[in-house]
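**Student:** Construct all of the structure, not just a fragment, from the sequences and the given hints.
If you use our numbering, the sequence shown corresponds to residues 1 to 506, in order.
These are calculated hints, taken from the structure and not from any lab test.
In this text the structure is predicted, and so the values were computed from the model without any measurement.
Note that the Cβ used here is the ideal one computed from N, Cα and C, for glycine as well.
It is possible that part of the hints are untrue.
To be verified - No farther apart than 30 Å at their CA atoms in a straight line, the calculated lysine-lysine pairs in the BS3-like style are these:
no. : residue 1 : residue 2
1   : Lys341    : Lys183
2   : Lys144    : Lys300
3   : Lys209    : Lys179
Stated by the list, open to error - Using C-beta positions, here's what the derived DEER-type ranges look like:
no. : residue 1 : residue 2 : range
4   : Asp138    : His71     : 24 to 32 Å
5   : Glu447    : Val135    : 48 to 56 Å
6   : Asp370    : Glu233    : 47 to 55 Å
7   : Ala376    : Asn91     : 39 to 47 Å
8   : Ala376    : Leu133    : 50 to 58 Å
9   : His71     : Gln178    : 38 to 46 Å
10  : Ala113    : Asp138    : 21 to 29 Å
11  : Glu327    : Glu447    : 20 to 28 Å
12  : Glu343    : Asn91     : 52 to 60 Å
13  : Ile346    : Val135    : 32 to 40 Å
14  : Gln26     : Pro325    : 44 to 52 Å
15  : Trp64     : Glu145    : 37 to 45 Å
16  : Glu77     : Glu473    : 43 to 51 Å
17  : Thr324    : Asp228    : 52 to 60 Å
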Amino acid sequence: MDGNVILKMSHITKRFPGTLALDDVQLVCEKGKVHVLLGENGAGKSTLVKIISGVYSLDEGEMWYDGETVHYSGVRETIDKGISMIHQELNLLSERTIAQNIFIGHEPRVTGAPWLIDYKKMVRESEALLRNLGVELDPNMFVKELSIAQRQMVEVVKALSNKIKLLIMDEPTSSLTQKEIDKLFEIVERLKKDGVAIIYISHRMDEIKRIGDQVTIMRDGRYIGTLDAKTMELDDAVAMMVGRKISKMYVRNYRKPGKTILKTDNLCGLRFRNINISVCEGEIVSLSGLIGAGRTEIAKALFGYEPIVQGSYSLFDRKIGHPTPKESIRSGMAFLPEDRKTEGLILSMSIRENTVSASLKKTFPNCILDEAKETAAGNKYKEMLRIAAPDVNKLVGELSGGNQQKVAVGKWLHTGCRFLIFDEPTRGIDIGAKAEIYQLMDKLVNEGYGILMISSELNEVIGMSDRVYIMQEGEIRGELSREELTQQKIMAKAIGGRKTNENSAL
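**Tutor:** Here is the structure:
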């Protein structure tokens, strides 16, 4: 075997009751390289990396790691061998310090008294690890005081404390700003120079091109192929992922805007001020800007989740000053939050139960739950939105991200809304499902709905918007029409007119 290869997997098969999760999968990772795993949700990526990290055992096939054939029996064994995994849901103890989290499970001990933890040494070694990666944090800080990005950095340092040879990163940038992403990628480059192999799971094509060396594509638990990250074509990668050509990612049938649905009048909130925007029938209007610019806060204020300090807005020609969510729903507004799993849906309930959850009075006017009505409503939107599930009794928590988002849309359409606010509509959704969400949004506006979209993906903003308002520090800095939209123009306004380049992202 090539001496530069750290991991080789051949003919890997994994079965669960009633499911063939992996079927004859192969993977080769080299030292000092970033190997991207790409595939739709449910393609088998998570199962594969859980076998690598010792969570699952393989049923068939062979795995070589660091020059020897291995068959790991647990996570502790893989950690001892230099394999670490950073999960999308960070795994830190918030009530403990950074140093305690970094060395949890392998704390340095006092010489001559191995039952005592050497806290001074633990802090000293934590400082050295942090400094080596250019992370400016005090190891005595509690994790609960850190931002999501800082916690991500601590997870990387924690992995390094085990003298890693192979690092697995699962969607590590999903909650980071562009500046924080840049910092994380600097750390990844340092790890590559030190010979660490990295398996990187992501749906963001710009990141894959920027940081990846090779890309292995999976579909339905099978190995489809491996491409060079720098030279691969997006259309080819997507076709391999979904098993079909997606002729156009951003589908828009532009139409002449109709009547004004939403118009704000010097709207002010806790984190924004003097907001004047409008959305018409048949339009997708976006709020763009750096994370923290106040976009989500505007959406929450419009819906009634956060207070309006000054100003007002009109919705379907009705002036509103201090809305509540209940009043917003009655007025025909819907709000799909960026965190659909904790704020938008009830994962422990079924499709049919979620479908009627925002319109109980409408569905059950006599205040008596009727399963037949619930099922009829669920089936209506399951068919209309093409939700992939055996029936409407399927728990929403068991659906893919794309299908969860469709359930959320169905829930709001069942209220009779005509104006929808989408906050990060495709976050955590694979490429094939993204195309379906875009088609759905286009279908809605062509039926006369209005959509206000908040997105941190510039390609999404440019590809789907009729107009874009750009925000900075709680204020609108400019408006661009569809014909004017470029990444450079958006970024120039988002950062206050400073020069940028076309590859910058929000």
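**Student:** Against this structure, judge whether each hint is valid.
**Tutor:** Results of checking the hints against the structure:
| no. | hint | in the structure |
| --- | --- | --- |
| 1 | Lys341 - Lys183 | holds (28 Å) |
| 2 | Lys144 - Lys300 | holds (25 Å) |
| 3 | Lys209 - Lys179 | holds (18 Å) |
| 4 | Asp138 - His71: 24 to 32 Å | violated (42 Å) |
| 5 | Glu447 - Val135: 48 to 56 Å | holds (50 Å) |
| 6 | Asp370 - Glu233: 47 to 55 Å | holds (51 Å) |
| 7 | Ala376 - Asn91: 39 to 47 Å | holds (42 Å) |
| 8 | Ala376 - Leu133: 50 to 58 Å | holds (56 Å) |
| 9 | His71 - Gln178: 38 to 46 Å | holds (41 Å) |
| 10 | Ala113 - Asp138: 21 to 29 Å | holds (27 Å) |
| 11 | Glu327 - Glu447: 20 to 28 Å | holds (24 Å) |
| 12 | Glu343 - Asn91: 52 to 60 Å | violated (22 Å) |
| 13 | Ile346 - Val135: 32 to 40 Å | holds (38 Å) |
| 14 | Gln26 - Pro325: 44 to 52 Å | holds (50 Å) |
| 15 | Trp64 - Glu145: 37 to 45 Å | holds (42 Å) |
| 16 | Glu77 - Glu473: 43 to 51 Å | holds (50 Å) |
| 17 | Thr324 - Asp228: 52 to 60 Å | holds (54 Å) |
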